[in-house]
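*Asks:* Sequential numbering of the sequence shown, starting at 1, is according to the numbering used here.
FYI, nobody ran anything at the bench for these hints, they're computed from the structure. Hints should not be assumed to be uniformly reliable.
As the list claims (entries may be wrong) - List of simulated lysine-lysine pairs, DSSO-like, C-alpha gap at most 27 Å:
hint, residue 1, residue 2
1, 12, 25
2, 373, 317
3, 339, 144
4, 169, 209
5, 100, 223
6, 219, 100
7, 100, 323
8, 154, 195
9, 169, 200
10, 339, 373
11, 154, 219
12, 144, 132
13, 209, 357
14, 132, 368
15, 223, 144
16, 223, 368
17, 132, 219
18, 209, 223
19, 12, 31
20, 373, 357
21, 25, 100
22, 195, 169
23, 209, 219
24, 154, 223
25, 144, 195
26, 200, 144
27, 219, 200
Unchecked claim - For each label pair, taking beta carbons as the anchor points, the in silico distance ranges come out as:
hint, residue 1, residue 2, range
28, 243, 104, 24 to 34 Å
29, 261, 104, 43 to 53 Å
30, 381, 354, 25 to 35 Å
C-beta: ideal position from N, C-alpha, C; glycine also.
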Amino acid sequence: MLSLPSSNNDNKDSNIVDLLYHLCKENEIEKVRSILPYINNINIINTIQSSSGSTCLHVACYYGHRHMVQLLLEYGALHSIRNLRHNLTPYEEAYTDDIKQLFVQHRKLFSNNNFDYDYIEWSVVGDDLLGKRREFRQAIDLYKNYDNHNLVSKLLAEVIHYYLNEYLKNESNDAGNPEDQITREQIETIEGYFKEAIEKQDYLTHFVKAYTLTNCFYKVLNKHLALYILQYFDNTKDFSSNYRLVNCLVHIVTLLIYHPNLPQYRYQGICYRGMRITQNDLNQYLSNQHILNRSFLSTSIDREVAEMFAGEGQQSKMRYTPKNHCALQYSCLCQYLIKQNLTAINIESLSSRPDEKEILILPFTVFKVIAIKQNYLNNPTASISIEIELEECEDPNDNKNESENSQTSRTSSLSSTSDDIKDVEEYQTFKQRKRCLY
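Taking the hints into account, I'd like the entire structure generated from these sequences.
*Replies:* In structure tokens, the structure reads:
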């Protein structure tokens with residue numbers, strides 16, 4: 001058997017990670033097979049190797065070592081860790097269908113694991129998405145009564161208590177990409193904004209301040225929204241294990257959607273979003289395809305700001321396959337035409353980063369893909385590889401709903417304290433009913 005290096009614990013673990021990474025890269029499967037049973041700390045298999053910024057599973061996928069990938073998956077290698085240099089999961093680094101199929105098979109065997117994933121589905125793609133959007137809005141109608149400060153305070157207190165101080169703090173201790181993890185100090189800063197939202201009765205302002213901080217909160221929140229928010233609306237899924245997480249995410253989104261001051265910041269017109277996308281992401285953008293976003297979309301009025309986030313002129317530094325040099329990720333610029341009143345808000349005056357001139361597109365918005373330009377096909381040195389034009393799909397019911405919401409807001413402002421108590425009791429009953437359903 002291949003002997004393991006010996007020294008103090010930290011150095012020993014680091015040496016084992018380096019050794020395993022090298023063996024996985026060289027496809028020394030028998031040597032890896034002989035080492036794995038003797039590793040006491042199984043987290044070593046999911047540790048990012050310092051010089052490469054990737055895990056053992058990343059390098060095995062990248063170089064197409066199918067049997068090595070299978071072995072690592074059997075020993076508990078996580079699917080969801082992103083490498084440091086390219087922000088890709090092992091699945092996204094794999095360029096052969098047989099390796100991707102291994103992930104699909106492994107996912108079926110361990111379908112009860114909600115916290116590990118091959119890639120994030122940021123959008124819903126399909127037909128009649130306006131109908132689905134209406135279903136979402138109807139399911140969260142309870143939050144229309146925003147003037148009830150007692151109820152809002154209870155919902156935000158739950159977000160602080162569970163989502164920030166329990167879920168995020170526990171998640172920060174887990175193995176994963178350090179760039180995607182939020183520190184305890186950052187969580188305390190976010191908590192301060194949510195507490196101010198309660199004290200000053202202004203959730204919109206303080207949420208935007210927290211969301212636009214230069215830390216990981218917006219990344220972490222959007223990841224959780226993409227992974228879990230739709231479970232709230234799906235009667236076929238049992239999400240009792242993360243019931244409180246899903247409800248906190250719903251609170252965060254819907255208290256913003258129904259905030260009475262939202263119309264002051266509404267935005268209609270063109271905005272731009274720059275991002276780096278994988279082939280898996282690109283496959284969702286087909287001409288005339290309808291797309292509904294699960295999470296917030298940060299865009300800008302300023303095209304140059306979006307191009308910077310896309311990695312303008314950086315395509316040559318992005319990830320390519322090792323053999324035939326095919327791109328695994330692309331610089332992408334999306335142009336959105338916002339047509340409805342309360343789909344997007346201009347948060348430049350509220351933002352912690354006003355220079356980005358940010359337009360925030362709210363979750364559950366439906367767009368149609370109008371055009372796709374794959375610039376890299378004709379010009380490999382193009383500053384932006386892919387440009388996508390999207391136009392919002394208009395829902396005729398929205399104008400009617402806005403009028404009703406306005407009337408509801410005026411009526412609720414005259415409500416008595418006893419009405420507030422009644423609404424809180426109704427909310428608690430509603431929560432209990434949802435718990436029984438799932």
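*Asks:* Does each hint hold? Answer for all of them.
*Replies:* Against the structure, the hints:
Proposed proximity of residue 12 and residue 25 is supported: the alpha carbons are some 20 Å apart, at most 27 Å. Of the supplied pair hints, the one linking residue 373 and residue 317 holds, its CA atoms being roughly 21 Å apart against a limit of 27 Å. Distance hint between residue 339 and residue 144 is fulfilled; the C-alpha atoms sit about 22 Å from each other, no more than 27 Å. The suggested pairing of residue 169 with residue 209 holds, with an alpha-carbon distance near 20 Å, which does not exceed 27 Å.
Only pairs whose Cα atoms come within 27 Å are accepted, and residue 100 paired with residue 223 is accepted, the gap being roughly 22 Å. With a CA separation close to 25 Å, the supplied pair residue 219 and residue 100 stays within the 27 Å bound. For a cut-off of 27 Å, the pair hint linking residue 100 to residue 323 stands: about 17 Å separates their Cα positions. Proximity of residue 154 to residue 195 is assessed by CA-CA distance (about 11 Å); at most 27 Å being required, the pair is judged to hold.
At most 27 Å may separate the alpha-carbon atoms for a hinted pair to count; residue 169 and residue 200 meet this at roughly 26 Å. Distance hint between residue 339 and residue 373 is fulfilled; the C-alpha atoms sit about 22 Å from each other, no more than 27 Å. Distance hint between residue 154 and residue 219 is fulfilled; the C-alpha atoms sit about 25 Å from each other, no more than 27 Å. Only pairs whose Cα atoms come within 27 Å are accepted, and residue 144 paired with residue 132 is accepted, the gap being roughly 19 Å.
Proximity of residue 209 to residue 357 is assessed by CA-CA distance (about 14 Å); at most 27 Å being required, the pair is judged to hold. Only pairs whose Cα atoms come within 27 Å are accepted, and residue 132 paired with residue 368 is accepted, the gap being roughly 15 Å. Our distance criterion of 27 Å between C-alpha atoms is met by residue 223 and residue 144, whose separation comes to about 25 Å. Between residue 223 and residue 368, the direct Cα distance comes to roughly 23 Å. Compliance with the 27 Å bound is thereby established for this hinted pair.
Straight-line distance between C-alpha atoms of residue 132 and residue 219 comes to about 25 Å, which keeps the hinted pair within the 27 Å bound. For the proposed pair residue 209 and residue 223, the alpha carbon gap of about 19 Å is at most 27 Å, so the pair holds. For a cut-off of 27 Å, the pair hint linking residue 12 to residue 31 stands: about 18 Å separates their Cα positions. A hinted pair counts as satisfied when its Cα atoms are at most 27 Å apart, and residue 373 with residue 357 qualifies at roughly 25 Å.
Our distance criterion of 27 Å between C-alpha atoms is met by residue 25 and residue 100, whose separation comes to about 18 Å. For the given pair, residue 195 sits about 17 Å from residue 169 by alpha-carbon distance, which is consistent with the 27 Å threshold. A hinted pair counts as satisfied when its Cα atoms are at most 27 Å apart, and residue 209 with residue 219 qualifies at roughly 14 Å. Between residue 154 and residue 223 the alpha-carbon distance is near 24 Å, which keeps this suggested pair within the 27 Å criterion.
Our distance criterion of 27 Å between C-alpha atoms is met by residue 144 and residue 195, whose separation comes to about 21 Å. The straight-line distance between the Cα atoms of residue 200 and residue 144 is roughly 19 Å, inside the 27 Å bound, and the hint therefore holds. Between residue 219 and residue 200 the CA atoms are separated by roughly 26 Å; this keeps the pair inside 27 Å, and the hint holds. At about 28 Å, the beta-carbon gap between residue 243 and residue 104 stays in the expected band of 24 to 34 Å.
In this structure the supplied range 43 to 53 Å holds for residue 261 paired with residue 104, their Cβ-Cβ distance being about 45 Å. Distance hint check: the CB atoms of residue 381 and residue 354 are about 33 Å apart, consistent with the given range 25 to 35 Å.
In terms of the numbered hints stated before, the structure departs from none.
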